[in-house]
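K.L.:
One-letter residues, chain by chain:
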Amino acid sequence: AQSVAQPEDQVNVAEGNPLTVKCTYSVSGNPYLFWYVQYPNRGLQFLLKYITGDNLVKGSYGFEAEFNKSQTSFHLKKPSALVSDSALYFCAVRGSNSGNTPLVFGKGTRLSVIA
Amino acid sequence: DGGITQSPKYLFRKEGQNVTLSCEQNLNHDAMYWYRQDPGQGLRLIYYSQIVNDFQKGDIAEGYSVSREKKESFPLTVTSAQKNPTAFYLCASSSQREGIVGTDTQYFGPGTRLTVL
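Going down the list, the protein sequences come from chains A and B. Using the numbering used here, read the first sequence as starting at 1 and increasing by one per residue. Using the numbering used here, read the second sequence as starting at 116 and increasing by one per residue.
Isolated chain A (complex conformation) (with noise of 0.2 Å):
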């Protein structure tokens, strides 16, 4: 079975200060990973995902994330964050023998930057 947690609901980071929201994963045979973000009344925007290869991924608006296989995260980070990065960020993780099967996602993280 797949599964990804979001081990905090809540990260409060100062503006111009480094942010990280972490993900851990379970999944079967090697992951497909996701970041999404989601503001207020919104769908879910597309951040960046891993697939294979380079083990750090660069996404939009300045945001990366780090696949560790030995600890199964992909910790979504940002060097300098901004008070417009507030928002609803979700993990998903799907295996990659998995087909085109629906993404399992983690239950959420609530970044506020605060000025």
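Certain hints may be false.
To be verified - Computed list of lysine-lysine pairs in BS3-like fashion (alpha-carbon distance at most 25 Å, straight line):
{"no.": "1", "chain 1": "A", "residue 1": "K49", "chain 2": "A", "residue 2": "K69"}
{"no.": "2", "chain 1": "A", "residue 1": "K107", "chain 2": "A", "residue 2": "K69"}
{"no.": "3", "chain 1": "B", "residue 1": "K198", "chain 2": "A", "residue 2": "K107"}
{"no.": "4", "chain 1": "B", "residue 1": "K186", "chain 2": "B", "residue 2": "K124"}
{"no.": "5", "chain 1": "B", "residue 1": "K172", "chain 2": "B", "residue 2": "K185"}
{"no.": "6", "chain 1": "B", "residue 1": "K172", "chain 2": "B", "residue 2": "K186"}
{"no.": "7", "chain 1": "A", "residue 1": "K77", "chain 2": "A", "residue 2": "K22"}
{"no.": "8", "chain 1": "B", "residue 1": "K172", "chain 2": "A", "residue 2": "K107"}
{"no.": "9", "chain 1": "B", "residue 1": "K124", "chain 2": "A", "residue 2": "K107"}
To be verified - Under 10 Å between C-beta atoms, here's a sample of chain B residues computed to sit facing chain A:
{"no.": "10", "residue": "I166"}
{"no.": "11", "residue": "C206"}
{"no.": "12", "residue": "P225"}
None of these hints come from the bench; they were simulated from the model. No residue lacks a Cβ here, since even glycine has one placed at the ideal position from N, Cα and C.
Based on these hints, arrange chain B on the given structure of chain A.
P.N.:
Then chain B, alone, in the frame of chain A:
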């Protein structure tokens, strides 16, 4: 949100009524999905369809029905059997084929907020 439209944005339902939420995509994606979002619970899968005229139940299918008569469309009906339908409903689509926008990535529509009066 581009390429996937959901309507209406807000929907109000009286108890005992069936309502249908629309989802259309122009991304030429084979697969489409419906999720329900409640505060603090993340996204829960209702139904998904990998090809036309075929669909599978997700984790919380009871009280919902879908159809997939066209590749571009995947409407969701919330029936009167769904006891607590007030939620935010999200539609998504994806494709595994090379050359398609965002291969292997699910893209989401803007959502429909359903409220039971």
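K.L.:
So, for every hint listed, does it hold in this structure?
P.N.:
Right, here's what the structure says about each hint:
Of the pairs offered as hints, the one joining A/K49 and A/K69 holds, with about 15 Å between alpha carbons and a cut-off of 25 Å not exceeded. With a CA separation close to 21 Å, the supplied pair A/K107 and A/K69 stays within the 25 Å bound. Restraint check for B/K198 and A/K107: the C-alpha separation of about 22 Å stays at or below 25 Å, so the hint holds. The hinted pair formed by B/K186 and B/K124 meets the criterion: a straight-line CA distance of about 22 Å does not exceed 25 Å.
With a C-alpha separation of about 18 Å, the suggested pair B/K172 and B/K185 falls inside the 25 Å cut-off, and the hint holds. Restraint check for B/K172 and B/K186: satisfied, since their Cα atoms lie roughly 18 Å apart, inside the 25 Å limit. Under the criterion of a C-alpha separation no larger than 25 Å, the hint pairing A/K77 with A/K22 is consistent with the structure, at around 9 Å. Between B/K172 and A/K107 the CA atoms are separated by roughly 20 Å; this keeps the pair inside 25 Å, and the hint holds.
Taking the CA atoms of B/K124 and A/K107, the gap is about 23 Å. The hint holds against a cut of 25 Å. Taking 10 Å as the C-beta contact cut-off toward chain A, the hint placing B/I166 at the interface holds, the least distance being around 9 Å. The interface hint given for B/C206 holds, since its Cβ lies 8 Å from the closest Cβ of chain A, which is under the 10 Å cut-off. Annotation: interface hint on B/P225 holds; nearest CB of chain A at approximately 5 Å, less than 10 Å.
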